[in-house]
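Okay, so the sequence shown: first residue is 3 according to my numbering, each after it adds one.
Derived from the structure by calculation, the hints contain no laboratory data.
All C-beta atoms in this analysis are idealised placements derived from N, C-alpha and C, irrespective of residue type, glycine included.
Any given hint might turn out to be false.
[What the hints assert, rightly or not] Only pairs whose alpha carbons sit at most 27 Å apart, straight line, appear in this in silico BS3-like list of lysine-lysine:
#: 1; residue 1: K75; residue 2: K163
#: 2; residue 1: K36; residue 2: K163
#: 3; residue 1: K45; residue 2: K75
#: 4; residue 1: K36; residue 2: K8
#: 5; residue 1: K161; residue 2: K114
#: 6; residue 1: K8; residue 2: K75
#: 7; residue 1: K45; residue 2: K111
#: 8; residue 1: K114; residue 2: K75
#: 9; residue 1: K114; residue 2: K36
[Unchecked claim] Label pairs and their calculated CB-CB ranges:
#: 10; residue 1: R67; residue 2: H142; range: 33 to 41 Å
#: 11; residue 1: I164; residue 2: G35; range: 16 to 24 Å
#: 12; residue 1: L165; residue 2: D126; range: 31 to 39 Å
#: 13; residue 1: P131; residue 2: Q21; range: 17 to 25 Å
#: 14; residue 1: Y140; residue 2: E169; range: 21 to 29 Å
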Amino acid sequence: FKSRKKYIHAVNDVSFQVQQGEALGVVGESGCGKSVTMLSLLKLLPPAARIEQGQAIFNGDDLLRMNSEQLRKVRGAQIGMIFQDPMSSLNPVINIGTQLSEPLRAHLKMSKADAWERSVQLLDMVGIPDARARLNDYPHQLSGGMRQRVMIAMGLACKPKILIADEPTTALDV
Numbered sequence: 003f004k005s006r007k008k009y010i011h012a013v014n015d016v017s018f019q020v021q022q023g024e025a026l027g028v029v030g031e032s033g034c035g036k037s038v039t040m041l042s043l044l045k046l047l048p049p050a051a052r053i054e055q056g057q058a059i060f061n062g063d064d065l066l067r068m069n070s071e072q073l074r075k076v077r078g079a080q081i082g083m084i085f086q087d088p089m090s091s092l093n094p095v096i097n098i099g100t101q102l103s104e105p106l107r108a109h110l111k112m113s114k115a116d117a118w119e120r121s122v123q124l125l126d127m128v129g130i131p132d133a134r135a136r137l138n139d140y141p142h143q144l145s146g147g148m149r150q151r152v153m154i155a156m157g158l159a160c161k162p163k164i165l166i167a168d169e170p171t172t173a174l175d176v
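Build out the structure end to end from the sequences listed, making use of the hints.
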């Protein structure tokens with residue numbers, strides 16, 4: 003059995019710039035590489051994927067050259083992300099409150115009680131009724147729209163400088 007070394011380039015020649023206070027929309031047909039491009043900025047690609055060249059400059063540093071510890075400090079804290087599929091992004095065995103308060107404790111050094119209170123505020127902000135009680139729920143106990151709202155709250159939690167939203171309204175109800 004001989005392995006083949008055939009590479010498929012998912013995305014080539016992408017360039018964009020976003021200044022403070024600006025919004026950027028990346029539009030294209032399904033499968034054109036929008037999500038792959040955004041995931042690559044934070045090196046969240048699957049193990050088989052590889053970034054061959056390029057730069058992703060944020061605050062003067064190249065995200066693509068950062069090690070995992072450096073990126074861990076940026077992800078969530080300075081660059082937030084709202085993922086497309088909340089069911090595969092939320093941990094099914096950890097309640098919503100713990101998942102929402104974890105980045106607040108890690109990045110903003112909040113106490114457990116303060117992070118829990120901020121989590122209530124975040125769920126209220128995204129329109130989840132009875133937010134305090136919902137913190138004890140697990141992802142499977144929420145509707146698809148409510149799970150997506152939790153993902154939006156998580157993306158906004160640490161007040162990041164950049165928010166990447168990968169089809170954030172897909173599962174939302176009216």
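### Message
Next pair to validate is K114 with K36; report whether the Cα-Cα distance is within 27 Å.
### Response
Cα-Cα ~36 Å, so violated.
### Query
Taken at face value, is the distance from the CA of K75 to the CA of K114 at most 27 Å?
holds (19 Å)
### Query
Given the proposed pairing of K36 with K163, does the C-alpha separation stay at or below 27 Å?
holds (20 Å)
### Query
Within a Cα-Cα threshold of 27 Å, do K161 and K114 meet the stated pairing?
holds (18 Å)
### Message
Checking one constraint from the list: CA of K75 to CA of K163, max 27 Å. Satisfied?
### Response
holds (13 Å)
### Query
Does 33 to 41 Å hold as the CB distance between R67 and H142, or does it fail?
holds (39 Å)
### Task
Evaluate the given range 31 to 39 Å for the C-beta pair formed by L165 and D126.
violated (19 Å)
### Task
Take the C-alpha atoms of K45 and K75, compute the straight-line distance between them, and say whether it is at most 27 Å.
Holds: K45 and K75 sit about 13 Å apart, inside 27 Å.
### Y140 paired with E169, Cβ distance criterion 21 to 29 Å
holds (23 Å)
### Message
For K8 and K75, compute the direct alpha-carbon distance and say whether it is at most 27 Å.
### Response
The hint is violated at about 34 Å.
### Query
Is 17 to 25 Å a correct range for the gap between the Cβ atoms of P131 and Q21?
violated (37 Å)
### Query
Can the restraint linking K45 and K111 be considered satisfied, given a maximum Cα separation of 27 Å?
holds (24 Å)
Of the numbered hints stated above, those contradicted by the structure are hints 6, 9, 12, 13, listed in ascending order.
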